[in-house]
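As given, the protein sequences belong to chains A and B, one line each in that order.
Counting from 1, one number per residue, gives the positions in the first sequence under my numbering.
Counting from 116, one number per residue, gives the positions in the second sequence under my numbering.
Calculated from the structure, these hints are not laboratory results.
A couple of the hints might just be wrong.
[Stated by the list, open to error] Here are the in silico distance ranges between beta carbons for each label pair:
hint, chain 1, residue 1, chain 2, residue 2, range
1, B, D124, A, N58, 18 to 26 Å
2, B, K173, A, H10, 31 to 39 Å
3, A, G3, B, P155, 15 to 23 Å
4, B, S141, A, S59, 20 to 28 Å
5, B, S195, A, S59, 41 to 49 Å
6, B, I225, A, H26, 30 to 38 Å
[To be verified] If we take Cβ atoms under 10 Å as the criterion, some of the chain B residues that face chain A in the derived model are:
hint, residue
7, Y151
8, Q153
9, G158
10, F161
11, K164
12, W218
Glycine is no exception: its CB is placed at the ideal position from the N, C-alpha and C atoms.
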Amino acid sequence: ETGVTQTPRHLVMGMTNKKSLKCEQHLGHNAMYWYKQSAKKPLELMFVYSLEERVENNSVPSRFSPECPNSSHLFLHLHTLQPEDSALYLCASSQFRDRGSGELFFGEGSRLTVL
Amino acid sequence: AQSVAQPEDQVNVAEGNPLTVKCTYSVSGNPYLFWYVQYPNRGLQFLLKYITGDNLVKGSYGFEAEFNKSQTSFHLKKPSALVSDSALYFCAVRDAGNYQLIWGAGTKLIIKP
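All chains should be modelled from the sequences, with the hints used to inform the complete structure.
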């Protein structure tokens, strides 16, 4: 496998469920990201992990809980979500030490629907 | 504050005609500018970037973009559009001292046969 892989591609959950999104990168990068994509809005950065340490948390509600067990894997744990959390969740990776000049590599996203 | 504007929600172009997708930005320092494309039901793919040097940047799939510092713009262009170019295009910027990207809201490009 190459690139960034996200599972599941589609997820439907009730507001009381607990689920997780998984991301795996095969590019040897040292930074991983979670983004939220809603229609006709800019991408919203949720979390950034560099060398497995969280370096950014953009005021994301605590019902979203990230986990980065190693530099290749990133999870987003979901608990008691709201319908407005329905969106496409994108994982990305990059070489963090490029200090901004490196591009992001994205997975295909997990489409989340909260009922 | 850093910001990116993509003034057009949608751009319609006939196949074979030139296309332009507009992007203007605001950053406090020297900008790093990016274009990404998103095909239906897919993640974003990197197209091209401007970091320094020549103002005209060439990227994937025949796309290019011109950095204009005085107009703070980074418009995406292609001389001859293909139906397969139909997708959502995102402009993004960061300044040289900040790793976080600021994104535009995206422009839907529709190429008609």
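Against the structure, the hints come out as follows:
Range check, D124(B) to N58(A): about 25 Å between beta-carbon atoms, so the 18 to 26 Å window is met. Our hint of 31 to 39 Å for K173(B) and H10(A) holds, since their Cβ atoms are close to 36 Å apart. For G3(A) paired with P155(B), a C-beta distance near 18 Å keeps the hint of 15 to 23 Å intact. Distance hint check: the CB atoms of S141(B) and S59(A) are about 22 Å apart, consistent with the given range 20 to 28 Å.
At about 44 Å, the beta-carbon gap between S195(B) and S59(A) stays in the expected band of 41 to 49 Å. The hinted range of 30 to 38 Å is satisfied by I225(B) and H26(A), whose Cβ atoms lie roughly 33 Å apart. Of the supplied interface hints, the one on Y151(B) holds, with its beta-carbon coming within about 8 Å of a beta-carbon of chain A, less than 10 Å. For Q153(B), the interface hint holds, since its Cβ comes within 10 Å of a Cβ in chain A; the closest pair sits about 8 Å apart.
Hint on G158(B) holds. Least Cβ distance to chain A is approximately 4 Å, under the 10 Å limit. With its C-beta approaching chain A no nearer than about 4 Å, F161(B) sits inside the 10 Å limit, and its interface hint holds. Interface hint at K164(B): satisfied, since its Cβ lies 6 Å from the closest Cβ of chain A, which is below the 10 Å cut-off. Contact between W218(B) and chain A, as hinted, is supported at the beta carbon level, the nearest pair being about 4 Å apart and thus within 10 Å.
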